[in-house]
Amino acid sequence: MADGKPTLAVLGGTGKEGSGLAARWAAAGYEVVIGGRDAGKAEAAAAELAAAIPGANVRGADNAAAAAAGEIVVLTVPYAAQQATALAVKDALAGKILVDVTVPLVPPKVNRVQLPEGGSAAMALQAALGEGVRVVSAFQNISAHHLHDLDHELDCDVLVAGDDIAAREAVIALAEAAKLRGFHAGPLCNSVVTEALTSVLISINQRYKVPSAGIRITGLPG
1 MADGKPTLAV LGGTGKEGSG LAARWAAAGY EVVIGGRDAG KAEAAAAELA AAIPGANVRG
61 ADNAAAAAAG EIVVLTVPYA AQQATALAVK DALAGKILVD VTVPLVPPKV NRVQLPEGGS
121 AAMALQAALG EGVRVVSAFQ NISAHHLHDL DHELDCDVLV AGDDIAAREA VIALAEAAKL
181 RGFHAGPLCN SVVTEALTSV LISINQRYKV PSAGIRITGL PG
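Heads up: the sequence shown at position 49 corresponds to 49 in the UniProt record's numbering, and the numbers run straight through without jumps.
The set of hints was computed from the structure by calculation and includes no laboratory data. Here the structure is a predicted model, which is why all the values come from computation and not from measurement. Certain hints may be false.
Computed Cβ-Cβ distance ranges for the label pairs, DEER-style [claimed, not checked]:
(1) K209 - G130: 41 to 47 angstroms
(2) G15 - Q206: 17 to 23 angstroms
(3) D38 - D91: 20 to 26 angstroms
Here are the simulated PhoX-like pairs of lysine-lysine, each with C-alpha atoms no more than 20 angstroms apart in a straight line [claimed, not checked]:
(4) K5 - K179
(5) K5 - K96
(6) K209 - K109
(7) K179 - K16
(8) K41 - K16
No residue lacks a Cβ here, since even glycine has one placed at the ideal position from N, Cα and C.
My request is simple: use the sequences and hints to build the entire structure.
Given below as structure tokens:
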């Protein structure tokens, strides 16, 4: 942990969402490990970020090595790969916070809410990993479109759901580091709402011909 900031591992960090979040955290002074199925591809993605962000402390590795190195692990893979990716590194996740960015989209009808039976993707992941991993659901409603533009003000808030309040606080700090507003959204079961919202936002994007519709929380002081 450098300067009080935890080392972050972003599994699936070679994709648009993962690399965009990684870029914002690297720019905020976090040590970031980009994880991928292919270590070479992850290393190339990390080198690209390092070249673009002066002073960035970012490196690439395969998912197993990244998960082992990260003090907080962020899962940004497609829904179809969510459980397999996390379960493959389960031992490395013990005692850690796992931030699940997964949205249960089922192509081609991604503008329709299609949650898994029994709840949300995050709830299913928590059940599969067990109590030794603190799963927190967040960042599902953030479009990847502007993430890499570090000067762009993202017009979307982050709803953070999880059963461990301290873990939620840690993820809210990550949202703020990425120049976003994070809000406690209650226990992990509430991730049903945040996951479903993504399909709603996709529908809005399609209808109004925009790339990054978002949500804002209003009515709070400050």
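These are the hints, each one checked on the structure:
For K209 and G130, the hinted distance range of 41 to 47 angstroms is satisfied, since their beta carbons lie about 44 angstroms from each other. Roughly 21 angstroms separates the CB atoms of G15 and Q206, a value that falls within the hinted 17 to 23 angstroms. Evaluation of the 20 to 26 angstroms hint for D38 and D91 yields a pass: the beta carbon distance comes to about 21 angstroms. Distance restraint check for K5 and K179: the Cα-Cα separation of roughly 16 angstroms lies within the 20 angstroms cut-off, and the hinted pair is therefore satisfied.
Straight-line distance between C-alpha atoms of K5 and K96 comes to about 15 angstroms, which keeps the hinted pair within the 20 angstroms bound. Between the alpha carbons of K209 and K109 the distance comes to roughly 17 angstroms, so the proposed pair stays at or under 20 angstroms and holds. For the proposed pair K179 and K16, the alpha carbon gap of about 17 angstroms is at most 20 angstroms, so the pair holds. Between K41 and K16 the CA atoms are separated by roughly 13 angstroms; this keeps the pair inside 20 angstroms, and the hint holds.
In this structure, every one of the numbered hints holds.
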